[in-house]
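Okay, here's what each chain looks like letter by letter:
Protein chains: 2
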Amino acid sequence: MLNFQYCNPVNVVFGKGQIAKLAELVPADARVMMTYGGGSIKRNGVYEQVMAALAGRKVIEFGGIEPNPKYETCMKAVDICKSEGVDFLLSVGGGSTLDGTKFIAAAAKYTATEDPWDICLKGTPVTDEIPIGCVITLPATGSEMNGWSVVSRLSTDEKLSFWSQLSFPKFSILDPEVTMSLPERQVANGIVDTFVHVCEQYVTRPVNTPIQDRQAEGVLLTLIEEGPKALSDPKNYDVRANLMWAATVGLNGWLAKGVVEDWGTHAIGHEITAFTGTDHGKTLALVMPALWKYLRREKEAKLLQYADRVWGIRGDDKDAVIDAAIEKTVEFFKSVGCDASRSAYGVTDEVIEKIVLVFERRGTKITECAIGAHEICEILKLCAK
Amino acid sequence: MLNFQYCNPVNVVFGKGQIAKLAELVPADARVMMTYGGGSIKRNGVYEQVMAALAGRKVIEFGGIEPNPKYETCMKAVDICKSEGVDFLLSVGGGSTLDGTKFIAAAAKYTATEDPWDICLKGTPVTDEIPIGCVITLPATGSEMNGWSVVSRLSTDEKLSFWSQLSFPKFSILDPEVTMSLPERQVANGIVDTFVHVCEQYVTRPVNTPIQDRQAEGVLLTLIEEGPKALSDPKNYDVRANLMWAATVGLNGWLAKGVVEDWGTHAIGHEITAFTGTDHGKTLALVMPALWKYLRREKEAKLLQYADRVWGIRGDDKDAVIDAAIEKTVEFFKSVGCDASRSAYGVTDEVIEKIVLVFERRGTKITECAIGAHEICEILKLCAK
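Going down the list, the protein sequences come from chains A and B. Residue numbers for the first sequence, in the working numbering: 1 to 385. Residue numbers for the second sequence, in the working numbering: 1 to 385.
Rather than coming from a laboratory, the hints here were simulated on the basis of the structure. Remember, it's a predicted structure, so these values are computed and weren't measured experimentally. One thing to keep in mind: the hints can contain errors.
You can't tell identical chains apart in this list, so a pair holds if it fits in one copy or across any two.
Computed list of lysine-lysine pairs in BS3-like fashion (alpha-carbon distance at most 25 Å, straight line) [unchecked claim]:
#1 K170 with K16
#2 K257 with K229
#3 K109 with K76
#4 K257 with K170
#5 K16 with K257
#6 K328 with K381
#7 K257 with K21
#8 K257 with K235
#9 K365 with K354
#10 K58 with K381
Construct the entire structure; sequences and hints are all you get.
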């Protein structure tokens, strides 16, 4: 096991009817800004629940935070936070709304004369933030129980992340009932996103971490069992609860501590989204099988363990076992509605050339195997046509 | 899945050489009291590592906190905390030292005119505490990452617990290397203690929690695989690391959230310790198999799942499967040195009568099946002779 440090102070409030707890969770004297996304919360009853819990308080609303939240949008909220003296941010929505809110929280307290974008671009440490609370409505990113945020800047075509111990929400309310009305596409993307989050922390290189490995396998098996049910039986509370908790556990650090992580599929997937606008989850479903095929020797021990414990596939022919496990993975993605292919997502040869150029220019290596532009090109060509 | 709330802010610092981090973790201007137990830290090098990290600072030492820490001892430390203005407590030792320190931290700030024992006896809420840091030297209780403390009072023969959100340590340093010199008896007790902690949260009644279940099974399988190695190969770092992390995960709330808990084995085991002085872990190894035999119908679904997933035992004859799983459990306890029997631990018919009387007088029911004195008597008689 590798050395690690772990401090996750989020107060998780999980279950039916828990949005009402906002009344006690949001500080009574706070000047609250409520952030949200495209407005689905005003159609699915979440907005009414939040407002009922906060009845009698002044709440400044800031809607319109996009999927892949934009720096430009967030900075508008920062101006309002400053002019209105906002001292508590309540994010009501999915991971994108929360990621944007994390940036707003940090940027509003950024006292340097420089642009707060430096937090993402230069990794300038965050030393103060407006405290954040959260009602999460889409299980996928795990942002509700970690300190990560991913923000995009339109003017420079950058999609960058930052992490801060201050960016962990003070509380996160996870009510599985609010996920029952999600569109199938978002459910599918969330399941695939969670599955790949777990794999990026698990299908890497063994360093003797049986507890972490078995927990990762437990989340994967749960996604395989429960994922299709969320589509066939969308009002099943337990299914929704298990998928919601899977998304949180998938990226709250419990699986990552002491192990070797990778994140190569995400690095490549982000660029596909940048050039084609394909949903994040779908890019992951496209890339991961190809990346595993290409890095099968480097990831051999863990791919064989994954084949055995997640899919029950064993055998003497290692390549056949690995191929079968990859095929099972692709079938699972299809079963929840992610039939990933280059043609479906517009990943043409020209797009591949552009992506490879990005990695060439950037010069940095990705994955814990430290592969570069050449290998990324080969992986993209291996993606399902 | 049941509704739950979870907030665990402990900063866990895990790995080789991490005691040196005390230099940055203990506030520079703190007036520190270092608490410890019987003095093994002065023989195994831990004391020197702590003092080297805190070189140049004034540290008040308070040793002699017992296994099953005593109220009377803790109150001596409380007096010193008050007279010396101690504002940081550093617990260096096992779970008992830390549990005692948690009581000291709460009692020293107890402003009511009443006896701080009320925190345990009447559940008086803890509203202020001296902050605690911890170097844990014995993996077993999980106290390093939870808010629980168990304290005994000699004058009244009581052994009581309390929980407070303020009792979570600010940080806990877990260096597996310091556990390599532990006596075999303590290693064995710690393995059994952890195993039973997990079972009390897992072998109960199913409420559709596949993630929590599989994580519990992962910890049990890890204990079964790694436990005997700790005794046969005591200097194996990875084995020690996996057992240390198992003990923490076994009782840091990750397994408990959303599930049905039990704690019946612990309730009975505590009384055996009270009347016979038997080690806590050994009492658990004695009671749990008997409790499972007696409550086999109430726990049937989870016992069958345990038999299948932990021991690979399946079959149509449910009783035979459950008996085989219980037998495997007993064999495992034996394999790490806990050959539990009533005769070995002095649990005579007279002791059983006394224990049953305690439960009769107390009147409360234990386990989530709400069994009382009669059933507890039957369970004690079912314990290995």
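Consistency of the hints with the structure:
no.	hint	in the structure
1	K170 with K16	within (20 Å within a copy, 31 Å between copies)
2	K257 with K229	between (30 Å within a copy, 23 Å between copies)
3	K109 with K76	within (14 Å within a copy, 46 Å between copies)
4	K257 with K170	both (22 Å within a copy, 18 Å between copies)
5	K16 with K257	between (30 Å within a copy, 14 Å between copies)
6	K328 with K381	within (20 Å within a copy, 51 Å between copies)
7	K257 with K21	between (31 Å within a copy, 18 Å between copies)
8	K257 with K235	between (34 Å within a copy, 22 Å between copies)
9	K365 with K354	within (17 Å within a copy, 69 Å between copies)
10	K58 with K381	neither (54 Å within a copy, 64 Å between copies)
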